Amino acid sequence: MMCGERPDLTSFNVDLFMEEEVQKNMRKVKMCRTSEDITGLKTSIGDWICDCGVPDIYTASLQDLPRIHGQILAHFLFHRVASMILQFIAGMNSCGQFWDTVKKSCQQFLPVFTNTGTKLNRDCLKNLFTISWSPVGSNRRETEEATIVQWEWWLMAIQEADVDITFEEVLVFVTGADCLPPLGFHRSLGLEFFEQEPGIRRLPFASTCSLFLSLPRGVRDEAEFKELMYMALKGSLGFGKV
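Per our numbering, the very first residue in the sequence shown carries number 421; after that it's consecutive.
Think of the hints as simulated: they come from the structure by calculation, not from any bench. It is possible that part of the hints are untrue.
[Said to hold, decoys possible] Calculated lysine-lysine pairs in the DSS-like style (CA-CA distance at most 27 Å, straight line):
hint : residue 1 : residue 2
1    : Lys448    : Lys462
2    : Lys450    : Lys462
3    : Lys462    : Lys539
4    : Lys444    : Lys462
5    : Lys646    : Lys546
6    : Lys448    : Lys546
7    : Lys539    : Lys646
[Stated by the list, open to error] Distance ranges between label pairs, derived from CB positions:
hint : residue 1 : residue 2 : range
8    : Glu647    : Lys523    : 47 to 53 Å
9    : Gln528    : Cys599    : 17 to 23 Å
10   : Gln507    : Gln483    : 19 to 25 Å
11   : Cys526    : Gln483    : 51 to 57 Å
12   : Ile505    : His606    : 26 to 32 Å
13   : Gly604    : Ser656    : 21 to 27 Å
Being a predicted model, the structure only gives us computed values, none of them experimental. Positions of the beta carbon are idealized from the N, C-alpha and C atoms, including for glycine.
Make a model of the complete structure from these sequences and hints.
Structure follows, in structure tokens:
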């Protein structure tokens with residue numbers, strides 16, 4: 421809408437609205453099937469629909485309901501916050517008329533300004549990491565390779581839903597982001613190793629500022645690696661969303 425497009429809103433999920441009244445009333449409009457339904461709709465929430473910029477609700481028929489449903493959605497998605505949207509557009513255009521460029525190529529800019537819902541998979545996540553290996557032939561290198569075998573098994577287990585972890589949770593643990601940035605990360609994610617001290621069991625850890633994950637060397641057992649990663653990811657405070 422910000423680019424002058426007329427999107428198809430017939431399948432829009434009204435649960436995305438925060439207000440329960442909006443969700444409830446939108447479902448009432450969507451569920452109208454008969455003349456009796458629309459008469460009851462006009463009686464119960466006719467004034468509310470009118471306030472949403474649809475004054476012809478009282479003369480509307482069943483055939484008008486898809487259009488009315490779309491107008492109400494447009495009201496809450498766009499017109500209600502139009503003043504803030506105009507401020508945003510003015511700010512973007514203050515940088516060399518950038519928003520005008522976006523409007524001309526809105527489909528190309530879609531992944532930048534919206535969440536296109538790209539689902540992470542094993543190969544995608546694995547390719548984000550660059551492993552910091554010890555020199556070939558060293559004792560450390562041998563134990564690191566043992567850990568990486570378990571790491572790759574664990575990623576496959578996530579892919580096949582054999583563990584109660586998602587790739588998005590792994591990404592949040594390492595970066596703080598639950599999806600890939602439209603332009604990618606500024607550097608590849610690091611995968612490093614640490615030594616387990618005698619008598620102390622340290623969990624894998626990460627730095628979301630430095631973008632690295634650190635795994636213990638020499639983990640050769642699948643169950644042990646699975647438990648370590650589960651405790652590290654599920655036991656961390658994480659990044660909540662308000």
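Given the range 47 to 53 Å, decide if the beta-carbon distance of glutamate 647 to lysine 523 lies inside it.
holds (52 Å)
Is it true that the C-beta distance of glutamine 528 to cysteine 599 lies inside 17 to 23 Å, as the hint says?
Given about 19 Å between the Cβ atoms, the range holds.
Does lysine 539 lie within 27 Å of lysine 462 when you go C-alpha to C-alpha?
Cα-Cα ~42 Å, so violated.
For the pair cysteine 526 and glutamine 483, does the Cβ-Cβ distance stay inside 51 to 57 Å?
violated (31 Å)
Check whether the Cα positions of lysine 646 and lysine 546 lie no farther apart than 27 Å.
Holds, at roughly 17 Å.
Would you check the hint for lysine 450 and lysine 462, treating anything up to 27 Å between C-alpha atoms as holding?
Answer holds: lysine 450 to lysine 462 is near 13 Å, not above 27 Å.
Is 21 to 27 Å a correct range for the gap between the Cβ atoms of glycine 604 and serine 656?
Holds, at about 24 Å.
Holds or violated: lysine 448 with lysine 546, Cα cutoff 27 Å?
Outside the cut-off at roughly 46 Å; violated.
Restraint status (C-alpha distance of lysine 539 to lysine 646 at most 27 Å)
With a Cα-Cα distance of about 22 Å, the restraint between lysine 539 and lysine 646 holds, given a limit of 27 Å.
Need the status of pair lysine 444, lysine 462: alpha-carbon distance at most 27 Å?
It holds: about 15 Å lies between the C-alpha atoms, which stays within 27 Å.
Is lysine 448 within 27 Å of lysine 462, Cα to Cα?
holds (11 Å)
Against the range 19 to 25 Å, how does the distance between the Cβ atoms of glutamine 507 and glutamine 483 compare: consistent or not?
violated (38 Å)
In terms of the numbered hints stated before, the structure departs from hints 3, 6, 10, 11, listed from lowest to highest.
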